[in-house]
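Starting from the known structure of chain A, arrange chain B on it as the hints suggest.
2 protein chains.
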Amino acid sequence: MYNHHKLSLFIFLLLPVLTFAQVKPATSFRIVPLGVLGGADESNLSAYMLAPQGSDNYICLDAGTLHYGIAKAVANKTFSVPADAVLRKYIKGYFISHAHLDHLAGMVINSPDDTSKNIYGLKSTLETIKTHYFTWESWANFADDGGAPQLKKYHYKPLEPGSETDIDNTEMQVQAFPLSHSNLTSTAFLVRSKDNYVLYLGDTGADEVEKSQNMHNLWAAVAPLVKAKKLKAIMIEVSFPNGQPDKSLFGHLTPRLLMNEMRELGKLAGVSLQRLNVVVTHLKPPYNSIIKIKQQLKASNKSGLNLIYPQQGKALEF
Amino acid sequence: MYNHHKLSLFIFLLLPVLTFAQVKPATSFRIVPLGVLGGADESNLSAYMLAPQGSDNYICLDAGTLHYGIAKAVANKTFSVPADAVLRKYIKGYFISHAHLDHLAGMVINSPDDTSKNIYGLKSTLETIKTHYFTWESWANFADDGGAPQLKKYHYKPLEPGSETDIDNTEMQVQAFPLSHSNLTSTAFLVRSKDNYVLYLGDTGADEVEKSQNMHNLWAAVAPLVKAKKLKAIMIEVSFPNGQPDKSLFGHLTPRLLMNEMRELGKLAGVSLQRLNVVVTHLKPPYNSIIKIKQQLKASNKSGLNLIYPQQGKALEF
Numbered sequence: 109m110y111n112h113h114k115l116s117l118f119i120f121l122l123l124p125v126l127t128f129a130q131v132k133p134a135t136s137f138r139i140v141p142l143g144v145l146g147g148a149d150e151s152n153l154s155a156y157m158l159a160p161q162g163s164d165n166y167i168c169l170d171a172g173t174l175h176y177g178i179a180k181a182v183a184n185k186t187f188s189v190p191a192d193a194v195l196r197k198y199i200k201g202y203f204i205s206h207a208h209l210d211h212l213a214g215m216v217i218n219s220p221d222d223t224s225k226n227i228y229g230l231k232s233t234l235e236t237i238k239t240h241y242f243t244w245e246s247w248a249n250f251a252d253d254g255g256a257p258q259l260k261k262y263h264y265k266p267l268e269p270g271s272e273t274d275i276d277n278t279e280m281q282v283q284a285f286p287l288s289h290s291n292l293t294s295t296a297f298l299v300r301s302k303d304n305y306v307l308y309l310g311d312t313g314a315d316e317v318e319k320s321q322n323m324h325n326l327w328a329a330v331a332p333l334v335k336a337k338k339l340k341a342i343m344i345e346v347s348f349p350n351g352q353p354d355k356s357l358f359g360h361l362t363p364r365l366l367m368n369e370m371r372e373l374g375k376l377a378g379v380s381l382q383r384l385n386v387v388v389t390h391l392k393p394p395y396n397s398i399i400k401i402k403q404q405l406k407a408s409n410k411s412g413l414n415l416i417y418p419q420q421g422k423a424l425e426f
Numbered sequence: 109m110y111n112h113h114k115l116s117l118f119i120f121l122l123l124p125v126l127t128f129a130q131v132k133p134a135t136s137f138r139i140v141p142l143g144v145l146g147g148a149d150e151s152n153l154s155a156y157m158l159a160p161q162g163s164d165n166y167i168c169l170d171a172g173t174l175h176y177g178i179a180k181a182v183a184n185k186t187f188s189v190p191a192d193a194v195l196r197k198y199i200k201g202y203f204i205s206h207a208h209l210d211h212l213a214g215m216v217i218n219s220p221d222d223t224s225k226n227i228y229g230l231k232s233t234l235e236t237i238k239t240h241y242f243t244w245e246s247w248a249n250f251a252d253d254g255g256a257p258q259l260k261k262y263h264y265k266p267l268e269p270g271s272e273t274d275i276d277n278t279e280m281q282v283q284a285f286p287l288s289h290s291n292l293t294s295t296a297f298l299v300r301s302k303d304n305y306v307l308y309l310g311d312t313g314a315d316e317v318e319k320s321q322n323m324h325n326l327w328a329a330v331a332p333l334v335k336a337k338k339l340k341a342i343m344i345e346v347s348f349p350n351g352q353p354d355k356s357l358f359g360h361l362t363p364r365l366l367m368n369e370m371r372e373l374g375k376l377a378g379v380s381l382q383r384l385n386v387v388v389t390h391l392k393p394p395y396n397s398i399i400k401i402k403q404q405l406k407a408s409n410k411s412g413l414n415l416i417y418p419q420q421g422k423a424l425e426f
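Top to bottom, those sequences are chains A and B. According to this note's numbering, the first sequence holds residues 109 to 426 in order. According to this note's numbering, the second sequence holds residues 109 to 426 in order.
Everything labelled a hint here was simulated from the structure, so no lab data went into it. Small disclaimer: the values here were computed from a predicted structure and weren't measured. Treat the hints with care, as some may be off.
Pairs involving identical chains hold if they fit within one copy or between any two copies, as the list cannot separate such chains.
Calculated pairs, BS3-like style, for lysine-lysine (alpha carbon to alpha carbon, straight line, at most 25 angstroms) [unchecked claim]:
{"#": "1", "residue 1": "Lys-197", "residue 2": "Lys-392"}
{"#": "2", "residue 1": "Lys-355", "residue 2": "Lys-410"}
{"#": "3", "residue 1": "Lys-260", "residue 2": "Lys-355"}
{"#": "4", "residue 1": "Lys-185", "residue 2": "Lys-200"}
{"#": "5", "residue 1": "Lys-392", "residue 2": "Lys-260"}
{"#": "6", "residue 1": "Lys-392", "residue 2": "Lys-261"}
{"#": "7", "residue 1": "Lys-238", "residue 2": "Lys-197"}
{"#": "8", "residue 1": "Lys-400", "residue 2": "Lys-375"}
{"#": "9", "residue 1": "Lys-392", "residue 2": "Lys-225"}
{"#": "10", "residue 1": "Lys-185", "residue 2": "Lys-355"}
{"#": "11", "residue 1": "Lys-355", "residue 2": "Lys-261"}
{"#": "12", "residue 1": "Lys-355", "residue 2": "Lys-319"}
Here chain A stands alone, though its shape is the one from the complex:
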């Protein structure tokens, strides 16, 4: 009788652990958001560190705010090394989706303290960085191309859409897809670690507004990964609440437009998107607008997406 009770107690205590193990599969990626907002606050602009789970070899997807975001992550114990080691040793390369200042100011500002690494992007994006930022007018030229003298700390690595590239000094590969962002070509980066993927989209409008096929082509390319449950997360922007007139979208998405895109992806994948991790990025202040975006996304989430709002300095695992 005593032993029987003991066994019950043991199973009872073990139950949460077993349940936990069941619903939480091993994760493949770790993401540390260094900045999450779509503008205005210089201390919190788009930048996301991404590494395979268990590795310290991160890339940084966009680089709007680095220093302040890293400091916050270190204060939160998201990293156990000092801030300068995160910048200098953990970040192995930058992936810039497009050359708007809020997506790369942190990289430029922190370049004097940084170590040698690659800057990856579409050719057009790298060209703007070369001619507008790492010049000798707006900043010293820390790159190995453009205005003389070249300080040669950074190396430009243009990505060709349609082919996969190894990411130097990491265990990851990347494929770039063009996106339509008003007058600019923005970029989606499909990052692979072994047989798992994360898809990061820079600023983008919807095909219907941008008169483009870019989103459709992207969804067609990743649909097989969704079907095979290999796509662990999609990081995608929603900048404005519904009601923002098309002519004032400036190449951005609303909750309604995001859900349209997700329906298109579901159709192409031929499976339910229930519990698909969707990290919603680039929400634009003011605060009441951000609240509205979250309410509208929740209300329209018919397919049961797992909507995630990243927080500066707090790790996400997928």
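What follows is chain B alone, placed relative to chain A:
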């Protein structure tokens, strides 16, 4: 006897007030630092609001960090209006000393939320803003010159060295002086309100290192104002501690070089600089380097300058 005691008590209580009134003359200017550091931390880069005492018509001297600095000032009750009113209504114009990103990123990032105003600077500085930032590659063109379409929110106002210009929508006037900052021409702004002056210097090297006469010419111009006690404060950079080799100064000052410059100013003014307000800007992290700069300045302050270290969001009055 009772009345006598009462009178003594009254005088005793009044004493600090009288003393205070005696040592603290009426002030002419209010400065609200929005960002004070010389790099790396995106949340705290060079930007200083300046207005005549009692006026809400400010200018912003450099604009590295706006949003985060204004939020901090509002949280500190340095302003009694909301943050968006400070940006939109209090700041009447930007004065950009040179086009390095850490001196104007905040202006670019906040431009979508801003109101119509002037951007003042030397012609060469405005040219870089026009061709590198407010283009349609790195940002929308919010100005009234450069790449089409021009959104016409900002108007470029080139300043001609040697002549005084009225500052629109304020009670102040300004005169610009060229400074040598490595490969760039930086700027000092001499701001006047009635018969009182504040001198703000953007990044600058010393004449002896830069092989220039710019500092000498500036000191010669302001020496009469120092002599007449009309120059209420000098805001000047010290980026590196002593010991930074000349070839690694990149157009910046050390404590030793600053004190050399102050000696030159004293000589030209022909008076003691005791208690002259010198606001030390642009200290470059890391923290231990900033500590060293402060120690070295204190140790070498033979002439008794009133050295002031501005703090983000905390008002200074002169």
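Now the hints, each set against the structure:
no., hint, in the structure
1, Lys-197 x Lys-392, "between (31 angstroms within a copy, 21 angstroms between copies)"
2, Lys-355 x Lys-410, "neither (27 angstroms within a copy, 62 angstroms between copies)"
3, Lys-260 x Lys-355, "between (41 angstroms within a copy, 18 angstroms between copies)"
4, Lys-185 x Lys-200, "within (21 angstroms within a copy, 42 angstroms between copies)"
5, Lys-392 x Lys-260, "between (35 angstroms within a copy, 23 angstroms between copies)"
6, Lys-392 x Lys-261, "between (33 angstroms within a copy, 20 angstroms between copies)"
7, Lys-238 x Lys-197, "within (24 angstroms within a copy, 36 angstroms between copies)"
8, Lys-400 x Lys-375, "neither (27 angstroms within a copy, 63 angstroms between copies)"
9, Lys-392 x Lys-225, "between (30 angstroms within a copy, 23 angstroms between copies)"
10, Lys-185 x Lys-355, "neither (43 angstroms within a copy, 38 angstroms between copies)"
11, Lys-355 x Lys-261, "between (41 angstroms within a copy, 18 angstroms between copies)"
12, Lys-355 x Lys-319, "within (13 angstroms within a copy, 53 angstroms between copies)"
The structure fails to meet hints 2, 8 and 10 from the earlier list, while all remaining hints are met.
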